[in-house]
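In order, the protein sequences belong to chains H and X.
If you count the first sequence from 1, position 31 lands on 31 in this note's numbering, and the numbers rise without skipping.
If you count the second sequence from 1, position 199 lands on 199 in this note's numbering, and the numbers rise without skipping.
Honestly, the hints are just simulated from the structure, not real lab data.
Don't take every hint at face value.
What the hints assert, rightly or not - Just so you have them, the derived chain X footprint on chain H, three or more residues with Cβ under 8 Å:
1. 46-54
2. 232-238
3. 331-341
What the hints assert, rightly or not - Each computed DSS-like pair below joins lysine-lysine, with the alpha-carbon atoms no more than 25 Å apart:
4. H:Lys-161 / X:Lys-100
5. H:Lys-34 / H:Lys-428
6. X:Lys-31 / H:Lys-129
7. X:Lys-221 / H:Lys-129
8. H:Lys-90 / H:Lys-318
Claimed, not checked - Here are the simulated distance ranges between beta carbons:
9. X:Asp-99 / H:Asp-336: 35 to 41 Å
10. H:Pro-49 / X:Met-8: 34 to 40 Å
11. X:Leu-287 / H:Glu-188: 26 to 32 Å
12. H:Glu-188 / X:Lys-364: 23 to 29 Å
Note that CB positions come from ideal geometry on N, CA and C, so glycine has one too.
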Amino acid sequence: MKKYDAIVIGAGHNGLTNAAYLAKAGLNVLVLEKNAYIGGATVSRELYPNWKYSNCSYVCSLLRPEIIRDLELPRHGLQVVPYGGGVTFKQNGDYFGNHADHERLLREVARHSKRDASAYERYEADVMKQTRLIRPFLMRTPPDPTSLKPRDLKELALLAKSFGSMGEEGLADTMRFWTMSIGEFLDEYFESDVIKAHLAGSGIIGTALGVYSPGTAYVLLHHYMGDVDGSVGAWGFARGGMGSVAAALSKSFLSFGGTIQCDAEAAQIIVKNGKAKGVALANGDELYADIVVSNLDPKRTFLKIMDEGDLPADVVTKAKNFKIRGSSGKLNIALDGLPTFTGLPKDSPLCLGEKHFSDSLPKMERAYDDWKAETWSKDPYVDMLIPTQIDPTMAPPGKHMMSVFVQYAPPKINGGDWTAEDKAGFEKTVLDQISNYSPDFKDLILHCETRTPQDIENEVGLTEGNIFMGELTFDQLLFNRPFPGYAQYRGPVKGMYMCSSGTHPGGGVMAAPGANAAREILMDLSLTNTVPGGYDDD
Amino acid sequence: MMPHDETMILETPFHSRCLALCEINLWEDWKGYRSAAAYTSVEQEYFAVRSNTGVFDISPMIKYRFTGPDAGAYLNRLVTRDISKIAIDRVAYTVWCDDKGHVMDDGTIFHLGENDYRLCAYARCLDWLMWSAEGFDVTIVDETAEVAALAVQGPTSCAVFKDMGFVGIENLKPFGITRYPFEGSEVMISRTGFTGDLGYEIWIEPALAEAFWDALFAAGKLRGIRPIGSAALDMLRTETGFLQAGVDFIPAEEAIRTGRSRSPFELGLGWLVSFDKPVFNGRKALLKEKQEGSRYAFVYLDVDGNKPAEHAFIYAGNKEVGTVTTAAWCPTAKTNVAFAQVDATYGKVGQELVAEIYYERELKWTRVMAKCTVIEGAVFNPPRKRQTPAPDF
């Protein structure tokens, strides 16, 4: 059998990024993908004729600009178009409009509370302070706080310096921010229910926690720390769908001489004498390489495709304890036209952004109560977008594609698998909710793909369908991601590495874990680094 | 909650009149209001204020109203200046600080009556005002949209008002407030402004705004009245040494980077800080700073040559000691001035510094190391600004 220098398991955005940097350094790299198509959760597929669905990830902001530029992704077809706007509809017929224009936004906030309009500027400044603290660490390997290696000490010093630069109250504010709930955080700024509800969504998306669960304030940051062309916190559509991110990464990888093999499910990482030696496929084929990189989540990596006997006992336990809980589902809908929303002019620029139907924090907390009771939220929080208003490539002219992220949806229903009836019930709950605010919506539906956490796990391979490959709580961040002692992308077996969103700096279509892991691998091989450093944020 | 409003940018109560006169259609966004940057020619607008009368629509300025038995005590706790010394029908310029003693904003307080005040500010600050109001019996209302206002500035401004029938207006002292009947209601006039010249600001209910504008421009026709935009105003305020929030300092609450906000002392506004008051926001920190020294000094510079020192670095010998925040050639004072923030050990009046100026002519960039001298303050400070009775021109 042919031997490669490195095998990367999983052709998601991090796997492809990792592979591209290894190939760029001159390695002969093979990427294995279990599905017939690449992308993992960064995928767009035609599931209804002439409609393209980004059926997992659906918007782009976190994807590191350093990587976009360095891997020449624009030349390989990637274009990210920013969008603005956004609405949270209220039950009383009113709404909160998240205007793209700053002064217009503040006037809209003032419409709900004049005091909140003034507090909004304080809120923005405070969130930006936290954003600026974390951004420089996205393209860096987390330091090992127990190590005395010069490199770790240097990185720890940098971390300390960054905290120091936050000023006297910076450390206190930061510790609070990283540990408190998004609800409590917002309560310190705002009095208007709908404004709090609108902003709180970013604190719970993809997370099996409620708006009043500690740790959710940081999750909000995870949605603010990206940028589109330097505009921090902005989000955009990848033209052609999120699959175009994976497509551009794969073209970049192939341009460096890499190989991608689809329909090739990894069954086992082959370990001999404590060293990674290759990958055995589900079909029985064996492929060999001294470097094996897993882009699967930590649970799948250590509990499914590695032999527990090859691993230290603590790793097995830590993998079992790793928090990766399914909390969300998705509906992708082909529409015959643009739906009308009660109270909102059809041509309102607000329509270009996300729409939500949760107008208070208690309502969102109740949605979480259903998750705890192991059923889907009966009045869910949705993050809904119609990208075809901006991207003409996703549906025929005049037709639309709607992406509805739904929270909460549990990995299991009352302890059992999702049945067809459960899935139909979940779908009906969401369609009914949207229809409450859009009377013509149901008549426009041509096709609807509904995905439960279980569907996402089965198709994409994300354990429990957790979109971040592990909760983004402080106990699983920075040098504790995925677990203490293994945050520098090296696995417990020589030659085995991790590059998934389960590693620092976490989930979202960011590609930083893949790039950071490549830097460590190249260092171990004493090869010239091909991975760029982060841009200076000053 | 107010009803829906699909308007993307608001119009001031004077908008119809501004629009009619805005020949070059140069608008900007001032706190969500459409505001003229220039009407015809920035230079002509500037000289209207220095030679005749210029009218600037200040309606978008953020305005808060304070009433209730503790209104005065509350404001004294909020701002650095001693408000108890501001009599009824008087106005005071002041700053207010956060608990670190850093300037959140500057503005003017109008003592309108017993337990009745108005604060005009650059930035929205209702949230901070409410924080500071805990324990005080005071009602705070944002009345930005409820009050239309114009700055009427220049040597003939008093004469124009006299022609409008405002008898005795010439006796209004600087920072004084008076009222006249207008169209069955009332116009409030204060002798205040942002130009450093003889001038007034008028405050009126929005419904009467257009009528007032028409009467004003009819009366001013023979005295060279014209509307001015923000570009001309910027030249005027520079010449007279007024700081602009967001330009010469970052309001403390908006500062993201540590160390970027400034104390009143660091802005040359130490004279606004009254330690005689036992309690006010930022007092403890400011007292400490007064004892231990400031980090920065704010200086006015007379810059050699005629190239405005915009964005220039400031050197003392070979050492970089600061940067320019505002710079302009001043057409009336015939002086090249700059405002700069420098390290606190520099900036004594009379000290010579150097500004590193870059300027471009037909795509050729030139660097000038211009000598500059630290000066006391405003390069334009005419007697008519203070004279009472005010002269006609």
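task: Find the hints from earlier in the document that the structure breaks and name them by number, from lowest to highest.
output: 1, 2, 3, 5, 7, 8, 9, 12
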